[in-house]
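> Letter by letter, the chains look like this.
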Amino acid sequence: MPEDKMQDLLESLLKDEDVLAVMLARKNEVSVSPPPDRFKLRDPAIFGTLQSTMNDFFTVIEKFSEQGLDKVYFELGDYEVMFFLISGDTALVAIIPTLANKGLLEVEMENTRRELKKLIHQ
Amino acid sequence: MMRMEFGIGVSNNWDPEKAAEEALGKALQMIKTKPKFILVFSTIHYAKKPKGLQILLTSCRRNLEDIPCIGGTVVGFISPEAVHTRGVVVILGTGDDFYVKAFYSPLSRLSPQTKGRELAEKIRNELKSKEYTNKLLLLVLPGASEPSIINNRRANQFYNFVCKFMPRKIQWYTRDIITSTASKIFNTGPGGEEETLSSMQGILPDYYFYGLSTFDNIKGKEHYQFYNDNILRGSTVALAFLTNKKVSLRQDVPVVPISDKFPIKKGWDDYFIDQIESQDATQKFLEIRKWPEEYVRDARIDKVSKTSYYFPLSYTTNDRTHIFPAGMFFGNSFFSNFKIKSNEIQFCITSLKKILDSFRGHIKSVKNPSFLMIVTGFHVIGIAGDKLNLIKRDLDTSLGNKPYCVLFDVGEHIKMPQEDLFTSDYSLNLLAFTNEQ
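Line by line, the protein sequences are chains A and B.
Quick note: the first sequence uses the working numbering, first residue -7, plus one each step.
Quick note: the second sequence uses the working numbering, first residue 548, plus one each step.
Derived by calculation from the structure, the hints in this document are not laboratory data.
Ideal placement from N, C-alpha and C gives every residue a C-beta, glycine not left out.
Errors might be hidden in some of the hints.
[To be verified] Covered stretches of chain A (chain B as the covering partner; in silico rule of three or more C-beta atoms under 8 Å from a C-beta of chain B):
hint, segment
1, 1 to 8
2, 100 to 110
[Said to hold, decoys possible] From the derived model, a few chain B residues whose C-beta atoms are all more than 10 Å from chain A:
hint, residue
3, P615
4, V709
5, Y720
[As the list claims (entries may be wrong)] Quick list of simulated restraints, FRET-style, between CB atoms:
hint, chain 1, residue 1, chain 2, residue 2, range
6, B, N865, A, G69, 26 to 36 Å
7, A, D(-4), B, D643, 43 to 53 Å
8, A, L68, B, F705, 24 to 34 Å
9, B, T863, A, G69, 40 to 50 Å
10, B, T580, A, Q(-1), 39 to 49 Å
If we strip away everything but chain A, and leave its shape as in the complex, we get (with noise of 0.2 Å):
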């Protein structure tokens, strides 16, 4: 089942010591993530505010999606998220600390994401 290899996709991105949380969105469809109590977040609530708030935020991706928008980060206190967009209603979404080295954690993330895309393209 896709499902299951892309789990096996963002446990592995998870085991990283900077991935804090990580989720595959789908707009409209439940997101796929593995178990929360997984997650090494010390403000567990921040991910469910980003569960619950996706929609909202690919209503605005989508608008940007024909200028080819690829990337979006955003920095929240102690943590920076990043959204690799996979299509216009589906993106990969990584937490991870603020002063963790992005450039070595963007290399998998684009892994990760080009391995989805082939799982949901399948």
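Using the hints, position chain B against chain A.
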């Protein structure tokens, strides 16, 4: 006579045994005969599991235990298969027209000049009967590690607090004792790579040197060198590669100075800069860069590397410009991983465009390689992030399906026969093997 052939395989499986099996399997499929040497480079992630690195290395050498092997931990790598900042890459070489032998010098960090000399004498003595046109040493050396006492936030805050009341000279004296002691007891601090290799070059003047310094995932805490089945720390490993075929080495440093020269006062063995233009080095650095103090308030490589590591510094000696980072801030001084051998420095910049142009220059310089390797600093990962795929695309387009590998480290070292060693950060050094004479 069988031509030189190279195989390369990669894995980013978290399990070290599976990763090794996968990477080795792919590399073996690319060559027709048993390899004559193995290079293994991995990221530090396998060290998180007890004996993980040992399992990885042993598994990479399964059924090849009699084949010389060197390698070490790196920050990331690019291969024809993928770009990774987590995983392992195995490179195999085979063919008739070369001879290889692996050597090592344990704990070279602690007495680099003596250990370098001993290593070079051993290489010279064991290989003096081998008559080949080109003699190359592939070298893997220990990069700098953050001394644990400085890594400790409380100790660091205490030192910063006490500095406010200490006269400068007493601060520097105290700092020198702390770093000197920490370096010896904990096997941390600078890797001593330049001293090791400088001692070797006089004994091996007819050799090419091509080397890199190991590192971890930019935390500066632990990293390792591999020699056959051994995981080493603070040590130098070398693979002597002797051949009548052509070997190409090329160096570039895609960094430009953007300031005048500033006079400096150095400390602790020329690794620290204590003052710039007679002012506290940290404050003056911030003033010149126009940065707020919180960027460098804590002396932690992972925090500093987010900013200052991408804004290098340089000094010039004998018409050669060496680039180095403001790697770690400790009180009113900052520290570099290499000795600063001048009393003047300049501020510099680099950029992704310069780095891409440098890669392209290297690729154009080599015709029909059978294998190509480029070593460069980890700052490229920080600057490029997932745009490392642009570098991969250029390499794939130019080299077709030829094997290649780019390794990201914390220091690059290069020497041509009868010329002086050149050690620097932020450089891009190429090594290419061909089947031409």
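> Now tell me if each hint is right for this structure.
To see whether the hints hold, each was checked on the structure:
Figure legend: the segment 1 to 8 of chain A, annotated as covered by chain B; annotation consistent (3 residues with Cβ-Cβ distances under 8 Å, at least 3 required). With 4 residues having a beta carbon nearer than 8 Å to a beta carbon of chain B, the segment 100 to 110 of chain A meets the requirement of three or more and the stated coverage holds. P615/B, annotated as away from the interface, keeps every beta carbon of chain A farther than 10 Å; the closest lies near 31 Å. Listed as outside the interface, V709/B is consistent with that label: its C-beta sits roughly 25 Å from the nearest C-beta of chain A, beyond the 10 Å cut-off.
Remark: the non-interface label on Y720/B is consistent with the geometry, its nearest Cβ contact in chain A lying 32 Å away (cut-off 10 Å). Look at N865/B against G69/A: about 50 Å separates their beta carbons, and that is not inside 26 to 36 Å. Taking the beta carbon of each, D(-4)/A and D643/B are about 48 Å apart, inside 43 to 53 Å as hinted. Under the hint 24 to 34 Å, the C-beta atoms of L68/A and F705/B, about 31 Å apart, fit the expected range.
Checking the proposed 40 to 50 Å range against T863/B and G69/A shows it holds: the Cβ atoms sit about 44 Å from each other. At about 42 Å, the beta-carbon gap between T580/B and Q(-1)/A stays in the expected band of 39 to 49 Å.
Of the numbered hints listed earlier, the single one contradicted by the structure is hint 6.
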